[in-house]
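Undergrad: Sequence:
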Amino acid sequence: MNLIETINKDYLTAFKNKETVRKNLLWEIKTEIVLLSKEKEVVDADVFNIIQKQLKKIQATIDTCPESHKAVLEQANEEKTILTQYLPKQLTEEEITSIIKDQLSWKNIWETMSFFKQNYSGRVDMKLISQIYNNINS
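Using our numbering, the first residue of the sequence shown is number 1, and each one after it goes up by one.
Source of the hints: derived by calculation from the structure; they are not laboratory data. Since this is a predicted model, take the numbers as computed values, not measurements. Hints are not guaranteed to be accurate.
[Claimed, not checked] With a straight-line Cα cutoff of 35 Å, these simulated DSBU-like cross-link-like pairs (lysine-lysine) come out: (1) K38 with K80; (2) K89 with K53; (3) K89 with K56; (4) K57 with K70; (5) K40 with K53; (6) K127 with K107; (7) K117 with K57; (8) K89 with K16; (9) K38 with K117.
[Stated by the list, open to error] Taking CB as the label site, the calculated pair distances span: (10) E93 with L12: 34 to 44 Å; (11) N24 with K70: 18 to 28 Å; (12) S98 with L73: 32 to 42 Å; (13) Q103 with V34: 33 to 43 Å; (14) S98 with E78: 29 to 39 Å.
Every residue, glycine too, gets a C-beta built ideally from N, C-alpha and C.
With these hints in hand, go ahead and build the complete structure from the sequences.
TA: And the structure:
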């Protein structure tokens with residue numbers, strides 16, 4: 001079962017079980033998938049990108065929301081937990097550092113970013129790659 005089928009199945013389950021947060025979140029993801037499918041055939045890597053964009057929005061909400069808005073923070077954390085389940089295991093900082101150090105032939109950050117995007121799409125945070133690359137080469 002591919003990721004799109006899994007999301008569809010989980011959406012129906014959340015709908016039947018009246019899990020509002022999960023249902024609404026998966027509906028947003030499904031909507032993005034449908035919009036993208038009008039432009040091209042959607043593969044799992046595209047879905048990973050959609051999920052990662054949504055996770056960045058959620059993280060921004062968590063970072064900017066005052067602690068007095070506990071309900072908003074709880075929902076954002078719940079959404080983050082739900083979406084993280086659909087992503088492949090993320091590379092650790094140590095793994096990323098090791099890969100970058102092994103590839104001394106990379107002349108600039110763009111080559112590094114391109115390599116990770118092609119080979120580890122959905123498994124890395126490009127912002128983290130940039131930070132690690134800059135730390136190694138500073």
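Undergrad: All hints, please: hold or fail.
TA: Results of checking the hints against the structure:
About 27 Å separates the Cα atoms of K38 and K80, which keeps this hinted pair within 35 Å; it holds. Between K89 and K53 the CA atoms are separated by roughly 17 Å; this keeps the pair inside 35 Å, and the hint holds. Annotation: proposed proximity of K89 to K56 holds, straight-line Cα distance about 17 Å (limit 35 Å). Of the pairs offered as hints, the one joining K57 and K70 holds, with about 17 Å between alpha carbons and a cut-off of 35 Å not exceeded.
Taking the CA atoms of K40 and K53, the gap is about 18 Å. The hint holds against a cut of 35 Å. Pair hint K127 plus K107 holds up; C-alpha atoms about 18 Å apart against a cutoff of 35 Å. For the hint pairing K117 with K57, the CA-to-CA distance comes to about 20 Å; that is within 35 Å, so the pair holds. In summary, the hint linking K89 to K16 is supported, as the alpha carbons are separated by about 29 Å, within the 35 Å threshold.
Simply put, K38 and K117 have alpha-carbon atoms about 23 Å apart, close enough for the 35 Å limit, and the pair holds. Separated by about 37 Å at the C-beta atoms, E93 and L12 satisfy the suggested range of 34 to 44 Å. At roughly 19 Å, the beta carbons of N24 and K70 sit within the given window of 18 to 28 Å. Against the hinted window of 32 to 42 Å, the Cβ-Cβ separation of S98 and L73 comes to about 35 Å, which satisfies the hint.
A beta carbon spacing of about 38 Å between Q103 and V34 agrees with the range 33 to 43 Å that was offered as a hint. Under the hint 29 to 39 Å, the C-beta atoms of S98 and E78, about 33 Å apart, fit the expected range.
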